[in-house]
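Engineer: What follows is each chain in one-letter form.
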Amino acid sequence: MAAPASVASGRTERPPSSLLNDPKIRGIIYQVVTALVFIALIYFIWTNTLENLRRANIASGFGFLSGRAGFDLGQSLIAFSSDSTYARALYVGFLNTLLVAFTGIITATILGFIVGIGRLSKNWLIAKLSTVYVEIFRNIPPLLVIFFWYSGVLAVLPGVRESIALPFGSYLNNRGFAFPKPVFAEGFWLVLVALLAAIVLSLVLRRYSLNKRMATGRGVPILWPSVAMIVAFPLIAYFIMGAPLSFDYPVAGTFNLTGGSVVGPEFMSLYLALSFYTASFIAEIVRGGIRAVPRGQSEAAEALGLRSGYTTRFVVVPQAMRIIIPPLTSQYLNLTKNSTLAIAIGYADLVSVGGTILNQSGHPIEIVAIWMVVYLSISLLTSLFMNWFNSRMALVER
Amino acid sequence: MASTQSSYVRAQMIAAEPPPPGVTGAAHWLKTNLFATPKDTILTVIALLLLAWYVPQVLNWLFFNAQWMGTDRSFCATVVQSGGSQPEGWSGACWAFIGSRFDQFIFGRYPIDERWRPTLVGILFVALLVPLMIPKVPYKGWNAILLFVVLPVVSFFLLVGGVFGLRHVETSLWGGLMVTLILSFVGMAVSFPLGILLALGRRSPMPVIKTLCVTFIEIVRGVPLITVLFMASVMLPLFMPQGVTVDRFLRALIGFSIFASAYMAEVIRGGLQAIPKGQYEGADSLGFSYWQKTGLIVLPQAIKIVIPGIVNTFIGMFKDTSLVSIIGMFDLLGIIRQNFADVSWASPVTPLTGLIFAGFVFWIFCFGMSRYSMFVERRLDTGHKR
Numbered sequence: 001m002a003a004p005a006s007v008a009s010g011r012t013e014r015p016p017s018s019l020l021n022d023p024k025i026r027g028i029i030y031q032v033v034t035a036l037v038f039i040a041l042i043y044f045i046w047t048n049t050l051e052n053l054r055r056a057n058i059a060s061g062f063g064f065l066s067g068r069a070g071f072d073l074g075q076s077l078i079a080f081s082s083d084s085t086y087a088r089a090l091y092v093g094f095l096n097t098l099l100v101a102f103t104g105i106i107t108a109t110i111l112g113f114i115v116g117i118g119r120l121s122k123n124w125l126i127a128k129l130s131t132v133y134v135e136i137f138r139n140i141p142p143l144l145v146i147f148f149w150y151s152g153v154l155a156v157l158p159g160v161r162e163s164i165a166l167p168f169g170s171y172l173n174n175r176g177f178a179f180p181k182p183v184f185a186e187g188f189w190l191v192l193v194a195l196l197a198a199i200v201l202s203l204v205l206r207r208y209s210l211n212k213r214m215a216t217g218r219g220v221p222i223l224w225p226s227v228a229m230i231v232a233f234p235l236i237a238y239f240i241m242g243a244p245l246s247f248d249y250p251v252a253g254t255f256n257l258t259g260g261s262v263v264g265p266e267f268m269s270l271y272l273a274l275s276f277y278t279a280s281f282i283a284e285i286v287r288g289g290i291r292a293v294p295r296g297q298s299e300a301a302e303a304l305g306l307r308s309g310y311t312t313r314f315v316v317v318p319q320a321m322r323i324i325i326p327p328l329t330s331q332y333l334n335l336t337k338n339s340t341l342a343i344a345i346g347y348a349d350l351v352s353v354g355g356t357i358l359n360q361s362g363h364p365i366e367i368v369a370i371w372m373v374v375y376l377s378i379s380l381l382t383s384l385f386m387n388w389f390n391s392r393m394a395l396v397e398r
Numbered sequence: 001m002a003s004t005q006s007s008y009v010r011a012q013m014i015a016a017e018p019p020p021p022g023v024t025g026a027a028h029w030l031k032t033n034l035f036a037t038p039k040d041t042i043l044t045v046i047a048l049l050l051l052a053w054y055v056p057q058v059l060n061w062l063f064f065n066a067q068w069m070g071t072d073r074s075f076c077a078t079v080v081q082s083g084g085s086q087p088e089g090w091s092g093a094c095w096a097f098i099g100s101r102f103d104q105f106i107f108g109r110y111p112i113d114e115r116w117r118p119t120l121v122g123i124l125f126v127a128l129l130v131p132l133m134i135p136k137v138p139y140k141g142w143n144a145i146l147l148f149v150v151l152p153v154v155s156f157f158l159l160v161g162g163v164f165g166l167r168h169v170e171t172s173l174w175g176g177l178m179v180t181l182i183l184s185f186v187g188m189a190v191s192f193p194l195g196i197l198l199a200l201g202r203r204s205p206m207p208v209i210k211t212l213c214v215t216f217i218e219i220v221r222g223v224p225l226i227t228v229l230f231m232a233s234v235m236l237p238l239f240m241p242q243g244v245t246v247d248r249f250l251r252a253l254i255g256f257s258i259f260a261s262a263y264m265a266e267v268i269r270g271g272l273q274a275i276p277k278g279q280y281e282g283a284d285s286l287g288f289s290y291w292q293k294t295g296l297i298v299l300p301q302a303i304k305i306v307i308p309g310i311v312n313t314f315i316g317m318f319k320d321t322s323l324v325s326i327i328g329m330f331d332l333l334g335i336i337r338q339n340f341a342d343v344s345w346a347s348p349v350t351p352l353t354g355l356i357f358a359g360f361v362f363w364i365f366c367f368g369m370s371r372y373s374m375f376v377e378r379r380l381d382t383g384h385k386r
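Protein chains in written order, with UniProt numbering: chain A, 1 to 398; chain B, 1 to 386.
The reader is advised that the hints may include incorrect statements.
To be verified - Heads up, simulated DSS-like pairs for lysine-lysine below, C-alpha to C-alpha not over 27 Å straight-line:
(1) B:277 / B:210
(2) B:293 / B:304
(3) A:24 / B:210
(4) A:24 / B:293
(5) B:140 / B:293
(6) A:24 / B:277
No lab work stands behind these hints, which were simulated from the structure alone.
All chains, please: the whole structure from these sequences, using the hints.
Structural biologist: Shown next as structure tokens:
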């Protein structure tokens, strides 16, 4: 920030010497001045911080991370108790961030594609409804959507005793959503292996069909054989191993539901809000991407006699995806960053856990540094992926 | 020639034929837009059924069942909810809550006899903003100077007080829509010039300046706003020498402006990159200095290209102001949430009503901004499509 300012001020003092009028030398002078100002600023901040920390008797360093946390977390994917260390608490928070980001991304993508395609629909009603959805959710803060779900909808659900019974033995009440927990018995691995084998086989079949179509102009059917394999293989494995899967159903007790798995209202409201909010942006990206494919492309496909389904699948979508995917990735990144709003409703994500530790142990610099490193790494990994993707796509282009 | 009248040449125009039956009118419209194919018919029917089920419920809740008048929670709670006056099973919006707390939602805890000051600032703001937004009004330059230079100074003295016999009002008393608007206005006014400088710095051939700008932009854009706000509110006091305290509100403003300018820089860089090299070379060949070239040739074109992006960033910033409630300030959303805990209004419908109100206010501002940007885009479109 100091950099451009010093350029501006350096510019006004026109040195009379001809040597100083040389753009090269002037450039060097500007840079030296900027660097000096920057170093002075860092030095100023550094000495002040050290002085302030010394006065407040705060020991700096990451040693505090091995201390006892002393607080409980509402939701954790790995074992955690108040006796665990701060480091483990942060790890739990990190996993929770990943969980809500991952589930949110999946739902937002599905919803966003539906709404985005809906806006392009020839059906007036569907197009208008999709537009209303997009215009509503794009123009209100995500934090408000989170509160809407948290204190507006989920908090006024009936209590545990009057839980709303949902299909498949699940319940909904103001403490969250309880659903049957799958219990994997010995031998379930074979089902997974069968599923994996079916997926691999259908990919092989697809490749074979594609090669055959390239060579002879006529492929082999792939959709139904693939579906059949993916359904049948795991089922056969399931019965061979003697039904190795059972469910632990939630049972309504006197005061609480026992058994099953429960996701709290914090996770649910964050997940729903992030999905609904981000879906409105994804919808716009999808719409823009599809509309950016020139009309001539689909007309040419029709002229070649392709059916409308094929036109969409082989002509429009591949070209639209090239436009859609880069902004889509940045929306995924935005969703991940917006998941930090968890702190407002107390979902134990990385920032919320870090905030608790910050208040308890008073290590602001270390905690903020951890946050920044984690989120910067996520951003960096995403942009690396984007560069790889763009270069791959560039090869496809003419 | 003109006077000769051939019997086979018609002297009068025939009236236009009516369109063939079945291509105009409501029935045709319905057929092409709602029931074109079996798939469309199914979708339309499903959508209509959903609308018929939900729209009356929503309207009932929002308007017909809503409680419009009242002085405390008893008007919005049912008889079973201790002390309510509504019949059991009632549920509707509690607009009475909004009505009775409206002043607080606008001004926060700003002292009641001093509220003319923020009101005056608001009136001045609107009086300066509206002529700036209407293209036909002259003196745009003076208007902009008044709005972006004079008004902030005047507003500062009016709102903070302590001079000219005005009572000093602590920023901790500020709140409501006022804080939301101040934060976003300052964010916009600071981030725009700062963003331009950062974007220019990023494209500068000088490695030191370029590195600094790139590092700053990428770090700020890579982390969530809430960490930047935390940094400003927790670490800024640590960075200052002993005895120097930074006002809480100012900390939020600084964090917010830093965040916004990094995003603005990237938007403006997009515009700078879209300017053809010939424009730079043309300016150079005319003997323009760097700042003449940038200010007179490059930036006007670059900014025109990225107006949609700039407005989107502004909309994003306006929505992001709601995050300051997390670091303990009471913007519109923060103050509404604080009122949920107020025992005199606590009822099951209060939170939803308050949030719908807040959502409506945010929506009006954001939607208005996006529509205005479309208008400006059309107006500035000089037809130079690339």
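Engineer: Next step is simple, just say for each hint if it's right about the structure.
Structural biologist: Verification of the supplied hints:
1. B:277 / B:210: 19 Å, holds
2. B:293 / B:304: 16 Å, holds
3. A:24 / B:210: Measuring from Cα to Cα gives roughly 16 Å; hence the hint holds.
4. A:24 / B:293: Holds, at roughly 18 Å.
5. B:140 / B:293: Roughly 22 Å separates the two Cα atoms, so the pair holds.
6. A:24 / B:277: Answer holds: residue 24 of chain A to residue 277 of chain B is near 21 Å, not above 27 Å.
Violated hints for the displayed structure: none, as all numbered hints are satisfied.
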